[in-house]
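Put chain B on the given structure of chain A with help from the hints.
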Amino acid sequence: MEKRKIKSGVWEIPVSAKPGMRVPARLYSSDRLIDSLDQGVFEQITNVASLPGIVGQALCMPDGHWGYGFPIGGVAAFSTSDGVISPGGIGFDINCGMRLLRTNLTFEELRPKLPQLLDRLFKYVPAGVGGKGTVPLNKKEFEKVLTQGADWCHANGFASDNDLDSIEQRGRLSPADPAHVSAKAMERGIDQLGTLGSGNHYLELEVVKPENIFDQELAKRFGIDRPNQIVVMVHCGSRGFGHQVATDYLQIFTKAVQKYGIKINDRELACAPFSSPEGQAYFKAMTCAANNAFANRQVITHNIRRAFVEIFGKTEGELGLQTVYDVAHNIAKIERYSIEGREQEVIVHRKGATRALGPQARDLPAKYKDIGQPVLVGGSMQTGSYLLVGTDLARQETFGSTLHGSGRTMSRMHAKKMVRGDQLRREMEEQGILVRAASMSGLAEEAGIAYKKIDDVIDAVDSVGISRKVAKLLPIGNIKG
Amino acid sequence: MPPKGEFRFLDGIAPADAAFEATGHDLAEVFCAAASALFAIIVDLEQVKAIVSRQVTLEAESQDELLYVWLSELVYLKDVHRELYSDFDVVITAGETLRLQATIRGDSVDNLVGLTLIDVKAITYHLLAIESTTSGLKATVVVDL
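If you read the sequences in order, they're chains A and B. Okay, so the first sequence: first residue is 0 according to numbering that gives the first Met the number 0, each after it adds one. Okay, so the second sequence: first residue is 0 according to numbering that gives the first Met the number 0, each after it adds one.
In case anyone wonders, no lab produced these hints; they're calculated from the structure. Be aware that a few hints might be false.
[To be verified] Keeping only pairs whose Cα atoms sit at most 30 Å apart, straight-line, the calculated DSS-like set for lysine-lysine is:
hint	chain 1	residue 1	chain 2	residue 2
1	B	Lys-48	A	Lys-122
2	A	Lys-208	A	Lys-452
3	B	Lys-3	A	Lys-416
If we strip away everything but chain A, and leave its shape as in the complex, we get:
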């Protein structure tokens, strides 16, 4: 498909590339990565560019790869007055996202207790198939979780004031309304609060080595303030609740595209006008799922703190277990941007893409107002993750968005043929990464060889300037669903 480089790190596919395209598509990448993008990404991002009411450009981040409807790494904004909302632009795991906690511990202090700590975390944070929630809820209480998100956790002793300050939108989105959620979604989610899930979800203990800090001042502001500091990263989402909301509304929207006469190139792009009854119902149900995911990561955080306190015999305060940030990478939100010289309200879809606010952005907490938002990027469990900071250029070019991970290049089947889970576990232990996994097969599927090199995709966004490197985080212990 025709594409031209419009500046360093950005390629554009013009509207002439495919009949029906309403806006150009833009790929954020690097000379090294652009040629390895799978063809599916080009097809999918140009399908997105053909949806009604899309504004600006359909965007794909450097970690982009083939998804359902939207590619993973896809970002698109639609007019709230004449645009659409599509579950395919958000994903089945609504508000799948990342959380980063800092600690006062150094690697040297943690190392002797690493195996016990991992065992305790594996016990307190249920992972894998059938993982049972850690907070018993009745329907009325679960509805409060769905409408209040992290606020519910705060009211029930699972969150601190600093936690709320350190979550995108303070962990509570509106207009969440359980009236638009099916009984099936309620049943699937009610017993899963505090669970990690499966697939590529994980809880990781990481070390920040001095040589992996790229901006000392910003790292310090984000709580990285001592050599070889331990941090904790969590990757998970809204669990069965969100998956069921997506499943339900995909069926409803399949009929809605016929009702509203919307032409789509892919059934997974089923959508409805944002202002229609169907569009609003999904938005309210999706928001419930987003709140459920914020609450899920918060309850997991509470249980991580319990494990650390018990293993180290110190208080939470002494251990300094504070949330650096929590951010969604599968979501749709109403935001305002200047588009073609005019301030507009849009519904921004981020599917495998992270919000990345620059300094002075309205939604930043006071503590990050002058520096920008921490951006959390999860790599493979063998190669490490990154802490970045948002920039004003992202607001100007990418609807305040950047990448979310390394991007998969090898299929799960292929990865399992290349490596056995028990062999990988031994290899990782030799590399200094201890693993507790619900499934050895699942572990093999997440091997580092199955992903793009995280350093390459991070360099791509850092070079183009839609977020900037602060620190690289190396894994030393992994709980794998």
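Below, chain B without anything else, positioned relative to chain A:
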């Protein structure tokens, strides 16, 4: 035991997820095979004993829509009851709509600790299709993991 179709996993279609092809002489066999494939992603089916039994009744307007709601229903039942299923009897009748009646059998996840592989989040419409073959029918399904 009556034949219940066959399945095979497809590589190169869904790198981050899983895809399979389910075949059978008729629609009921294809649906049994698709259900087996779905749970074979999650667990070694031979390890799942038929301890619990549940009845499923569903309707849809087309074959592929019925396949989508059938597999989605199984994903829902798996989560709500914390069970995995390995044995499926399916009857499909055509009237104004297509109607599926099934008995599914399996076991609690608690009896399969350490034997599970990876969980399934949802069924997708991506490449979802049922087509005729020389020996019957073939369904293609991609699931989100």
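We went through each hint and held it up to the structure:
| no. | hint | verdict |
| --- | --- | --- |
| 1 | B:Lys-48 <-> A:Lys-122 | holds, 27 Å |
| 2 | A:Lys-208 <-> A:Lys-452 | holds, 19 Å |
| 3 | B:Lys-3 <-> A:Lys-416 | holds, 28 Å |
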